[in-house]
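Enquirer: These two chains come separately, so use the hints to put the complex back together.
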Amino acid sequence: MKKASVTAVASMLLLASVLSGCSGDGTESSTGGSSDSSKAVKLSLWTFQDLHKKYYEKTAELWNQSHPDQPIELSIDTYPNAEMHNKLLIALQSGVGAPDIADININFFQNFLKGDIQLVELNKIIEPEKDKFIQSRFDIYSKGGKYYGIDFHVGATVVYYNKELMDKAGVNVDNIKTWADYIEAGKKVVAATGKTMTAFEVTGQRPFWPMIVQRGSDYLDEKGNVILDNEVNVKTLQAMKDMIYKDKIAVPMPGGNTGAEEFFTYMNKGEAASLIMPMWYMSRFLEYMPDLKGKIVVRPMPVWEQGNVRSAGMGGTGTAVTKQSKNQELAMKFLAYAKLSKESNIRIWQELKFDPIRWDVWNDPELQKPDPYFNNEKIFNVLLDMKDEIKSPNMSELSSASQDLVNSNVMFKSLKDQSQTPEQALKAAADELRKQKK
Amino acid sequence: MANFSFKGFLYSQKVAPYLFVSPFVLTFLIFFLYPTASTITMSFQEVQGLTSTKFIGLDNYRRMFDEHFFNALKTNTIYTLLSLMLLIPVPILFAVFLNSKWIKGRTLFKSVIFIPALTSVIVAGVSFRLMFGEADTALINSVIGKLGISPQNWILNYGTGMMLMVILNTWRVAGINMVYYLAGLQSIPEELYESAEMDGANGFTRFYWITLPLLKPIIIYTLTIGIFEGYRMFGESYVFWNEGMPGDIGLTIVRFIYQQAFQRNDMGMGSAIGITLLLIVLTVNMVQLKLFGLFKKEED
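Listed in order, the protein sequences are those of chains G and V.
At position 85 of the first sequence the residue is numbered 84 (numbering that gives the first Met the number 0), and the sequence of numbers has no breaks.
At position 182 of the second sequence the residue is numbered 181 (numbering that gives the first Met the number 0), and the sequence of numbers has no breaks.
Keep in mind the hints are simulated off the structure, nothing from the lab.
One or more of the hints may lead you astray.
[Stated by the list, open to error] In silico SDA-like cross-links for lysine to any residue, where the CA-CA straight-line distance does not exceed 20 Å:
| # | chain 1 | residue 1 | chain 2 | residue 2 |
| --- | --- | --- | --- | --- |
| 1 | G | K86 | V | T38 |
| 2 | G | K434 | V | Y60 |
| 3 | G | K167 | G | T192 |
| 4 | G | K113 | V | K103 |
| 5 | V | K73 | V | L281 |
| 6 | G | K142 | G | N122 |
| 7 | G | K436 | V | M63 |
| 8 | G | K436 | V | G56 |
| 9 | G | K187 | G | G169 |
| 10 | G | K38 | G | P70 |
| 11 | G | K86 | V | I121 |
| 12 | G | K268 | V | D65 |
| 13 | G | K52 | G | A335 |
| 14 | G | K436 | V | E45 |
| 15 | V | K53 | G | Q435 |
| 16 | G | K434 | V | F43 |
| 17 | G | K222 | G | P369 |
| 18 | G | K176 | G | P301 |
| 19 | G | K41 | G | P70 |
| 20 | G | K426 | V | F64 |
| 21 | G | K162 | G | E183 |
| 22 | G | K426 | V | D65 |
| 23 | V | K103 | V | L184 |
| 24 | G | K52 | G | K434 |
[To be verified] Just some of the chain V residues that point at chain G, by a computed CB distance under 10 Å:
| # | residue |
| --- | --- |
| 25 | V46 |
| 26 | N241 |
| 27 | P245 |
| 28 | M266 |
The beta-carbon is built from N, C-alpha and C at its ideal position, and this holds for glycine as well.
So that you can see chain V by itself, here it is in the shape it has in the complex (with noise of 0.2 Å):
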């Protein structure tokens, strides 16, 4: 009896289903909902370890919005719209040209740029930091000796630094995106081209016409992915100044995050500032979104 009991249970359509997707729900619930629901409630919290809290209302809010989340929000701003500059159209064109039958040893550059997606950030950014040192000797700094600029100071000028993290980030991403528009490349259908060709369209009408607006489903992607990775940067900015970021030069907003929360042990804080980087990826996606139309029903 107990055993057929066991058995219609399993067998039950009702129950079932339950049972087959409660490891992915528990997954969900434990380690997304639980601590995403806590983070909210720690931000109107005072956190003094995680036996003894009190709730201080907005307070953590307030403190927050001071001078240096804003040189947070404008770093990681200027950061990511400099990445989406160089992350879309020069995968773009390394995949066109890699597609193309003339360019010989194809395989060999497509490895080569790729390769560097393979390396941890800290890994590369050890060797750009090293690269990019201050002493007059350093790798980057002996070569524009030789054309006569003088040796720069990096790591500690707002514009040099945010450009090594844009490099960084660029030599990183490039391949991997490299990747996404070859393989929306190859799906282009080569009927298009041929009749295109046929109507007297030269190499650059082809591509305007046909190829971007064909890969225009890849470049939302990278695009809508470019956003929250440019939002989210953390490492890019922790190999050049991992301990002290003079003046707030590549203190980005989870930077900030992990500053208020960890080196200075404000738990509450750092949540509310979590969250409040959430609501702005969320905006900002949402209206990039809208704006290139994803939610309307596809027109055929």
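Next comes chain G alone, as it looks inside the complex (with noise of 0.2 Å):
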């Protein structure tokens, strides 16, 4: 009898902790948001960058202190790139788990806008005060007319002169208006200094994507259809090409591209004399390259041809709020709050160091104090001057393969080990993505 109890007591706690090994995760977080006792409400955020989330911190307090009446509690994961994107999806494609508010990259965000859409509409927070943003930077999030994510910023791109070089070559960098004048410079300064022009990412798509956005060419046109291998794309990367091997102003860049250690080294000494990139990479001067201080100086980008804008807006995280968030209201307002707000957006300028897509706040003092590191220019005046020619690239359901071909395959083959000409690489890359249509 007393046998019989225990055989039978041990098999139930066997069986139970089996059963609860696989619903263990579901029950914890249908359980999490709701049943709170206190007045604050609990909303969790993932992201992928440290940067974002001490921002995130310090705007919930900010939250709270102003509203008073509708306290939040604001618990935010930090996870790798690549690792937060995959759980995101999973989460959102099982119905389980997602946080109510989400930092998704764009290079990802074409991947949560398939199917049944798990993110939500945020055109109530965003249509009231449209106007006073840089559209493009919308409409990059958006399908059919519906928003469902918020940038930091607009990403605009830029070229970074490094003025001591530019100063020993003798070209004055105002000058330069279009890419002829560019490898014309280039030119001098690699005949004064010995030091290249610029470097090419060839594990990356910079500065070709700018490029191309910016002669009004793409990787898929406003329907989604792949036109990478037009004539302007291939012009275009026969140019860079022509640049490395032929004018012989710039070199395949080292590491590969601009996040990579090797690279910082080598632009923090002074080997190249300029760099095009999207403002948002000044926080990678400030805090990877000290030693150009005062050396650096922001200009538009040249262009190819007369009809060409002078910039391209590059890279982003699109905030979203998930439907699986049981406080999607408030969630919205803090997101409104944290990224649409005026204050905000000064707020991104000073603790991120990004170009705020609120173009009425680049005229606010607090943005027009020039920057020692800058060569104490009034870096916005650069960007105010050229606030309706910054254009975004289309968007659409074959974006994250597009540029996952162009960085990896297409750079690498026709700059780096020539394996392929511009004209292959394209095609290939292009031919593969039309293959990938349904």
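Expert: Structure below.
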């Protein structure tokens, strides 16, 4: 008798432990949000950038000061880039475990707009103030006229010149208006200093992407058709290759891309006289290239031919509210507070050194303060001057795949190991994309 | 009465065994069989979310066999062969030397060789990546610089990239294999060597005719493990090329799955590659086990 009950208890325990093993996650997350006795509403947020985390923490503090009737308790988790997006995708697809708010990298954003969209439509908070923002920064996170994400920054592509080297070569950066001027200036720099004019990413897509966007081209057209191998793109990539191997004013980037430790050291040592990158790269200059302090000046991109624009908005983080959130209204209000309000856009510049998407703050005294790192110039005047010239790329279903292909194949094969000509590389990638289109 | 039947139920020779194996059967069904079955289903579907799927027949398989798949397969095959060429002989040598009484500090060497096995691929890999950096001030480049060799761009060449992965893997796994071989060596009776010595066998012949044949089961074991470890390799490639793989350097089949399924949100295609990988590994392992006669009855 005793034996029997012991056996029974033991086997029930075993079964229970096995069964609870597979449902544990689900129950935890479903009770987490709703059953709190305190007044503060719990919101969870995922990001892939530690800098963003700090920004959100402070935003939550400010929110609680200004909204004493609606306090929130924001818990933020930071995961590595690719890992966070995989986790989020699975959580959204399986219907459990997603946070209320999530930062989604623009490279992956289109993955979240496939099929039954699991993100909340944000038109309600965006539309009232839309005219104060760079419109193209909303378009890249939209589908069928509905907005699903809000960015931190414009990511306007500019040229960062190393003034010391340019002066040595006797080049006035304000006279560089076209890429032809840029190549001429580059030849002078190489002759006078022995350094190179610039470096191109070979495991990344810059400056190729901004260069074709400024010419009105792209990887995909507005309808999502593949135009990666069109004439403009071939000509542009050929020109980049010529800058490296014919004009000898550029080099394949050490470390492969602008995020590599090797490149930071290289640039910091003053080995390249300029760099074509978006505005958000200012934070990397400040953080990783201390020796360039006072030597960097920011200018618009040169143009290829008349009718080109002088910049392109690159990169980005679309912050979204998920449909799984139990407090969607509040999450949206908080998101608007964190990324749409005037104050927040000023803080985005102060704390993150990003060019905020709300252009009516670019005139603000805070953003107009001259920066000693950047030769004491008023950087935002450069942006204000070309406010209507900042185009953003077209985004659609094949966006992630096309960027992936350009990053890993096109640039490397055409500029670095030269196993394919620019035309062949673009054609091969475009054909592969066309095959993927369903 | 109720109590009696419950007790009878537990004591029933028919029911009790099932009850006791149920935890394992359930684990198997839920965490192994179900995912496998749904992977097979998904490989024939276009998956847009777990709720919206559409059967598209063999389309995933048709799209899968492109240049990248064959590049991945080639990389995996070369990687597996190179790894096996190092991971079988080197640990045997270590084991033989460390098993001999003439070597001093055996315990120290054993630990030194084994410790890398305890580190994670990612942690070790990050150190390797920094050591093999492209700058001429990076560790390896500065060392070969002293020897008069120009700095190498290790990560951006297919050959050196492959070498990095193989070195990292060998450095980590050699210690584990050595432990297997040591255990194997210690089970070989001393008398065999003594009698061979009396018959005039030298060190090499003793190794070739006694040690190797008696280590055969362990060699087959490490070979089998090595083959599927090689084909399912992910971490070694991920630490060196975590965002993109230029010109498919470091693209392995599992990374191809990861790329298609997660980075491009195409779960159907990812599943199709997964199933194909399963078939490939199964075939290679079957052929290898057949060749070594593992399916034949023990012939004494």
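Enquirer: K162(G) and E183(G): Cα distance at most 20 Å?
Expert: holds (16 Å)
Enquirer: Given the hint that K103(V) pairs with L184(V), test it: the Cα-Cα distance must not exceed 20 Å.
Expert: holds (18 Å)
Enquirer: For a C-alpha distance cap of 20 Å, please report whether K222(G) and P369(G) respect it.
Expert: Violated, because 42 Å separates the two Cα atoms, which is more than 20 Å.
Enquirer: Take a quick look at whether K113(G) and K103(V) sit within 20 Å of each other, Cα to Cα.
Expert: violated (64 Å)
Enquirer: Keeping to a limit of 20 Å between CA atoms, is the pair of K176(G) and P301(G) held or broken?
Expert: Holds, at roughly 5 Å.
Enquirer: Between K436(G) and M63(V), is the straight-line Cα distance small enough, at 20 Å or below?
Expert: The given pair, whose Cα atoms are some 13 Å apart, holds under the 20 Å limit.
Enquirer: Check whether the Cα positions of K268(G) and D65(V) lie no farther apart than 20 Å.
Expert: Violated - the C-alpha atoms of D65(V) and K268(G) are around 43 Å apart, more than 20 Å.
Enquirer: Under the criterion that the straight-line Cα-Cα distance not exceed 20 Å, is the pair K426(G), F64(V) satisfied?
Expert: holds (19 Å)
Enquirer: Using 10 Å as the Cβ threshold, decide whether P245(V) counts as touching chain G.
Expert: holds (4 Å)
Enquirer: Under 10 Å is the threshold here; is the Cβ of M266(V) close enough to any Cβ of chain G for the hint to stand?
Expert: At about 8 Å, which falls below the 10 Å cut-off, the nearest Cβ of chain G leaves the hint on M266(V) intact, so it holds.
Enquirer: Under the criterion that the straight-line Cα-Cα distance not exceed 20 Å, is the pair K38(G), P70(G) satisfied?
Expert: Holds, because 7 Å separates the two Cα atoms, which is no more than 20 Å.
Enquirer: Would the hint linking K434(G) and F43(V) be met if the CA-CA limit is 20 Å?
Expert: holds (17 Å)
Hints 4, 12, 17 and 24 from the list above are not met by this structure, while the remaining hints are.
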